[in-house]
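2 protein chains.
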Amino acid sequence: MVFYSGESRIMNFMEKEKPIGVFDSGVGGLTVVKRISSVMPHESIVYFGDTARVPYGSKSNETVIEYTMQAARFLMQKNIKALVVACNTASAVALDVLKKTFTVPIIGMIEPGAKMAIKTTKNHKIGIAGTRATVGNKAYSKQLLALNPLVEVYEQACPLFVPLAEEGWHKHPSALIIAQEYLHDLQMKDIDTLVLGCTHYPILIDVIRKVMGSHVQLIDSGIAASEVVRAELERIGLVSNSNAMGRMDFFVSDIPSTFKNIAQLFLEREVPHVTKIDTEYLSSLPR
Amino acid sequence: MVFYSGESRIMNFMEKEKPIGVFDSGVGGLTVVKRISSVMPHESIVYFGDTARVPYGSKSNETVIEYTMQAARFLMQKNIKALVVACNTASAVALDVLKKTFTVPIIGMIEPGAKMAIKTTKNHKIGIAGTRATVGNKAYSKQLLALNPLVEVYEQACPLFVPLAEEGWHKHPSALIIAQEYLHDLQMKDIDTLVLGCTHYPILIDVIRKVMGSHVQLIDSGIAASEVVRAELERIGLVSNSNAMGRMDFFVSDIPSTFKNIAQLFLEREVPHVTKIDTEYLSSLPR
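Note that the protein sequences, when read in sequence, are chains H and Z.
Following my numbering, the numbering of the first sequence begins with 983 at its first residue and continues without gaps.
Following my numbering, the numbering of the second sequence begins with 983 at its first residue and continues without gaps.
Honestly, I wouldn't trust all of these hints.
Note that identical chains are pooled: a pair holds if it fits in a single copy or bridges any two copies.
When the alpha-carbon atoms are kept at most 20 Å apart in a straight line, the in silico EDC-like pairs for lysine to aspartate or glutamate are as follows [as the list claims (entries may be wrong)]: (1) Lys1258 <-> Glu1044; (2) Lys1104 <-> Glu1134; (3) Lys1104 <-> Asp1172; (4) Lys1107 <-> Glu1137; (5) Lys1000 <-> Glu1209; (6) Lys1107 <-> Asp1172.
Bear in mind the hints are in silico, worked out from the structure with no lab data behind them.
With the rest of the complex left out, here is chain H (with noise of 0.2 Å):
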């Protein structure tokens, strides 16, 4: 047991009951979100997703890692206590920048993953569905061959899956045939556990399981993400000890008319205020 002095039980209280940040290139991250507040219902969650800069997949890694520091100054700002980048590209690019600058956990999307789809498999063959970015930059197969170099590891780009989720089509007949299309090639290859490498995907889980089939396991980045988040926020003592559900701000670089309608479908619960943060304003916020 620890004892604290009255002031620095009150700091601990204090840092206990920050927010915990999530921030995205887009929407997707809101499905992490969703885990993470599955997992951890009491902790607060302030989300940041920079929709006028999206998609980041296209983008140079010098212009990702500035973007995604900018976001992350806008979140420290907020006062958070982890931060969980849900966003695979960032991930994959700028997550030694944020760990060397900023001092919370810094949890990305890439590394959990991989350990859960290791952890899972039996026949040490992995399927990896991304998007074109993610699969380009083999950013999986890198992180999975590092921990164990005996697996095969399968990568497929599925350009459509995000537009078909952000369209809320994850039940229209032409998901499955898109699925049907997509996987195919990885079906052939006998693998045993898919990484939904993409934080839509598990929008689209649903059909994905449809046409894998029950003996293929899914791993879901955002649950093996939030389990990391717990297993930190754990170890450094700053778990929440509140009884209330926690709150959940929202602040994106532009407000699409469809922002809050993808926001439900993707949270499965009403966004009550979403608030605009200029680019502008990122931009110049100090390093």
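Chain H is already provided as a structure; the job is to place chain Z on it using the hints.
Chain Z in isolation, oriented as in the chain H frame:
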């Protein structure tokens, strides 16, 4: 007959052999390049696609105007004799500013497409298929109603058409199912004319025609704009005198690995050389 002095004859010859500039936020404008080159095969074309900053549809009007002006300045440096804004968002937002700033003819997508639709319709019921941005700002409706207040206009956003076209899935079974879903309401409205209000959509013309039926005339804004370009060049006496095929030069602000594949699909010919232009350079061009 007009008589020139020796010097002005050479000047006029050089003016005629200048290229036509074509600008788009990404690759969609390549379908317009194809139309221009089939209507005027001897004209040279300089294309700029702002692939690093695509899509424009989710950006503010100020940002779209700024990026479009940068693109126009870049193309003016290439000594163009006319500028085609082959991007519906930029056409809707930035055309007036361009026309006030530059002296060469500026041709957008919306007015030519709308004029051709008005000429084509017999029952005065016109459909518009476009991106969510184009449909959201009602650019075609406004233009059509300005030309003829008695037409009935029905707009339909088709967000999955762009990724389908970029994926090269215009013959995939999912394209038909998706087109049936999006175009169902327009079919019910008894329209006799449908404007393809996005430069990507001509790639999907076969499947759109199959769904709408042969009694609905499809308007390709690229064809309409090409006719306007030819008329403008004739009006100012700058139609090329060359007998050789015009040359094509392509510039993009980022080169995704898939650019050449998409370009060949959209142009239906080889794309010999593509040059990357940094956005930092674009924003540094003198105003």
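Outcome of the hint check:
Proximity of Lys1258 and Glu1044 under a CA criterion of 20 Å is satisfied inter-copy only: 16 Å between copies versus 24 Å inside one chain copy. Taking the shortest Cα distances, Lys1104 and Glu1134 sit within 20 Å of each other inside one copy (12 Å), while across copies they are farther apart (61 Å). For the homomeric pair Lys1104 and Asp1172, the shortest alpha-carbon distance inside one copy (11 Å) is at most 20 Å, but the shortest distance between copies (57 Å) is not. Taking the closest pair of Cα atoms, Lys1107 and Glu1137 come within 20 Å of each other only inside a single copy of the chain (11 Å); across copies the shortest separation is 47 Å, beyond that limit.
In this assembly of identical chains, the alpha carbons of Lys1000 and Glu1209 lie at most 20 Å apart only when taken from the same copy (18 Å versus 62 Å across copies). In the homo-oligomer, the alpha carbons of Lys1107 and Asp1172 lie at most 20 Å apart inside one protomer (7 Å), although the nearest pairing across protomers, at 53 Å, exceeds that limit.
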